[in-house]
Structure formats: C-alpha cells, structure tokens
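Trainee: Sequences are here, hints too, so could you generate the full structure?
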Amino acid sequence: MNSRSLQTTIIFLVLGGILALALGGFFGPASRQFGSGLIELQTWFAARFLGIQDFFTAPRDIVSLRARNDALESQVSQLQTQIIELQQLTGETERLASLVGFAISKPENTYRAASVIGRDPSPFLHYIIINIGSNDDIRRGMPVVTNQGLVGRVDAVIADAARVQLITDPASSVNIYLQNAETNAVLFGSVTGDVSLDMISQNEVVEPGDLILTSGLGGGYPSDLTIGQVVTVRTLEFELFQQATVQAAVDFTRLEIVLVITNFRPVDIAPLEPQTTP
Amino acid sequence: MRNLIAFPLLGLGVIIQSAIVSQIKLLSGYADLPLLMLAGWALQQRVKSAWHWALLVCVMLGFVSSMPWPILVVSYLGLVFSAQALQRRVWQAPLLAMFSLTFLGTLFMHILSFGVLSILGTPFIFADVMSLITLPSLLLNMLFSIPVYAFMREMAKWVYPIEEYE
Chain A
1 MNSRSLQTTI IFLVLGGILA LALGGFFGPA SRQFGSGLIE LQTWFAARFL
51 GIQDFFTAPR DIVSLRARND ALESQVSQLQ TQIIELQQLT GETERLASLV
101 GFAISKPENT YRAASVIGRD PSPFLHYIII NIGSNDDIRR GMPVVTNQGL
151 VGRVDAVIAD AARVQLITDP ASSVNIYLQN AETNAVLFGS VTGDVSLDMI
201 SQNEVVEPGD LILTSGLGGG YPSDLTIGQV VTVRTLEFEL FQQATVQAAV
251 DFTRLEIVLV ITNFRPVDIA PLEPQTTP
Chain B
1 MRNLIAFPLL GLGVIIQSAI VSQIKLLSGY ADLPLLMLAG WALQQRVKSA
51 WHWALLVCVM LGFVSSMPWP ILVVSYLGLV FSAQALQRRV WQAPLLAMFS
101 LTFLGTLFMH ILSFGVLSIL GTPFIFADVM SLITLPSLLL NMLFSIPVYA
151 FMREMAKWVY PIEEYE
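Note that the protein sequences, when read in sequence, are chains A and B. Just so you know, the numbering used here puts 157 at position 157 of the first sequence, and the rest follows in order with no gaps. Just so you know, the numbering used here puts 44 at position 44 of the second sequence, and the rest follows in order with no gaps.
Hints listed in this document are in silico derivations from the structure and should not be mistaken for laboratory results. Just to be clear, a hint being listed does not mean it is correct.
[To be verified] In the EDC-like style, the derived pairs of lysine to aspartate or glutamate whose C-alpha atoms are separated by at most 20 Å in a straight line are: (1) B:Lys25 with A:Asp194; (2) B:Lys25 with A:Glu207; (3) A:Lys106 with A:Asp224; (4) B:Lys25 with A:Glu256.
Computed from a predicted structure; not experimentally measured.
Mentor: Below, the structure written as structure tokens:
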C-alpha cells in the first residue's frame, strides 16, 4: 500500500466515523444548524428555479389555461342551457300534472290539451291561437279551460289550429252564477283585459270574495266552471242593476297550455228567443 | 321574381306579430309589425309592388285575426295610397315620411277598428280605447318604425337592384 492509498483510506475512515457519530446523534446541535442551512439554501435555489421555470413556461400555460377556460365556459353555458330546459320541462310537467288533476276531478268531461301558439295581431281583440284543430275533433263553440278556470271558447277552427275567444275579450259575455249570493249575472270583458259583472239584481247581496261559476244558461258554456271572485261591488240606487269588478282565476297573460272540453256542444238558442213583431 | 320574397317575409312578420309582438304590451296596446313593414316597403321609391304586398298582408292577417276583413283591406290599401302620396311630396326626407305614415296609418286603422267594431256591437269607450290602446300602440309603432324602415330599404335594394331600376 503506497502512501497515497493510505491517505485516502484515512480520510474515508475519518469521514465515515464523523458520519457514524452524526447519525448516532452525537453532533445534534451542529448537525441541526448544518441541516437547516442546507434546507434554506435548497429553498432559495428551489424558489429561484421555480421563478425561472415560470418565466419560461408561463406563456405556454396561459395559452393552455385560456383554452381550458374557454372549454369550461362553453361547458358552463351548455349546462346552463340544460338547466333552463330542465326548468322549463319541470314547469311544463307541473302544469300538465295540475291539468291532469283537474281533468280527473271532472270525469264527466273529455279534454284535449293544447299549447297556446299565438295571440290576435290586433290589440282590440283578445283571442289566442292553439295548436289543435279539426283534425283533433275540435269544433267551434267548445269551451276552453285550465286547471284554474274558464279561459274562453273556440271561435274558429282550421285543420291544425283553432282561434279561441277569451272571456276578457270586449265582445265576450258569459252567463254566470254567484255561488254565495245564489243569483245569476253576466260577465263582460273589456279592452284592458279585465272582466266585470253586470246584471246583478239590486235585491241580491253580493260581497267581495264571492265565487263566480258559469251558470250554463244560454247553452254557450257548461255549468260550474270556475271563473273568479268578486273584488268590489258597485251599487247605485238609480241604476237597474249592480255591477262588480272581478279577479279572474286564470292569469290570461301567461297562458301556455289549455284544455278544450271536447264533449260539450254549444246550444244555439237564437231560434227560441222571442222576436219582436212590428 | 325576387318579389316573391313577400310571401316568406310577410308570413314571418305576421307570425312574429302574433307570437311575440302581441305579448310586448304597453298598457293594452302593442306595435303593428305588418303595418310598419308595409309602410316601409311602400315608401321606397323603386318599389312597384306595394299594392300586391298590401293585399297579401290582408289575406294573411285575415286568416289569423278575428278582425273583420274590410277593416284590414281599407286600412292597408289606404296605407299604401298614403305612402305613395307622401313619397311624391316628402321624398327628400324618407324618415319624416315614415314617421308621418306610421302616425297616420296607426291612427286611421284604430279609429276605423273602433268604429266598425262598435257598430258590430262591441261595447268600447272611446276615451279608454285612445288612452289604453291607440296612444301606446302609436308610441311603439313610432319606436319600431326606424329599424323596420332601414330593413325594408335594404330589402328594396335587393329586390330592385339599381341596374334593373334604371
């Protein structure tokens, strides 16, 4: 063994001994300071490296992030569209369920459901257009209802559509029955879309909240369809009849699905009406 | 041949009127898109088919609306007549002509509707009709008249190209 090899062996043995002592915990405070110094140094280097790495890789990441962001935004908008569609479906299902409930509660009638697809182009007239017609056995004069109450009656029919005159139309009149007062009257529409009662006998006591049903008189509508409630009553001594304003049960501004009562045939009583002779 | 665009265009106008415009109410009035389209069309100098378009509007609206057809015929043909008279007099100010025609056309049609429907037995109160239907409709028609006029002008350029016109 030459002197160089001996020197190397001694160095290894010394360093190995120091390492063994350090691992054995004999250099506790010194090794902690050394270790923390190393860690700080590594941290410093790691931080600088990450900074440099960010500097060089950031542009690529922004592009990919933007692409990812666009994809997520697109996904969010798709999901929002789905949510809106599902909400619409839920609302439609609820409305259909309530209509089915209404149809079940009145088994004497047969119904056909229809969607409202338009309104009369003229503001003078209150008509809606529904998406079923003579192909679905819809005939002129058939009453149209929702689960809330009477909507109107079919005024004109083509193969796949029909026009319905609402009870709010200024030319509409419906014979009604005031349930609490047990008397008949006539319901009229108006240009504003409000409905009002007229022809209430002065002898009858009508109060706000009284329920209004169709009377069936005149043969234009079946009896006992809900129309609304009395809001205010106007009684003037010098007039022949009392009048009343009415809160309709149906919200005519939000009509989307209606039911046509298909087993009702209106009766034309015109030939039975007395004619004045000159 | 390009005049056949009247069928889809006016059909679309009537559908939009029935399905959308009639839901955008101001009090009880709303805009009359077919009237505005017809007015905008009839005021274009190069247009020669305004009468045909008016009759087509009458047929389409008569099919959809419950309004008695004589009201539609008189109103829309009267509108075209007025447009051609205005076109000759105020040809240098087309927007002024459009505003005037919209104003007069709406007023005429509403007064005619009020008169005829009253005669047919619909109980209208004139003050209510004016304040709740006619004036709001007039305002909406005036608002919509500018974009509709611009659209119909472009449509007239397409249907009647300059070369053909000259």
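Trainee: Which hints, by number, does the structure contradict?
Mentor: 2
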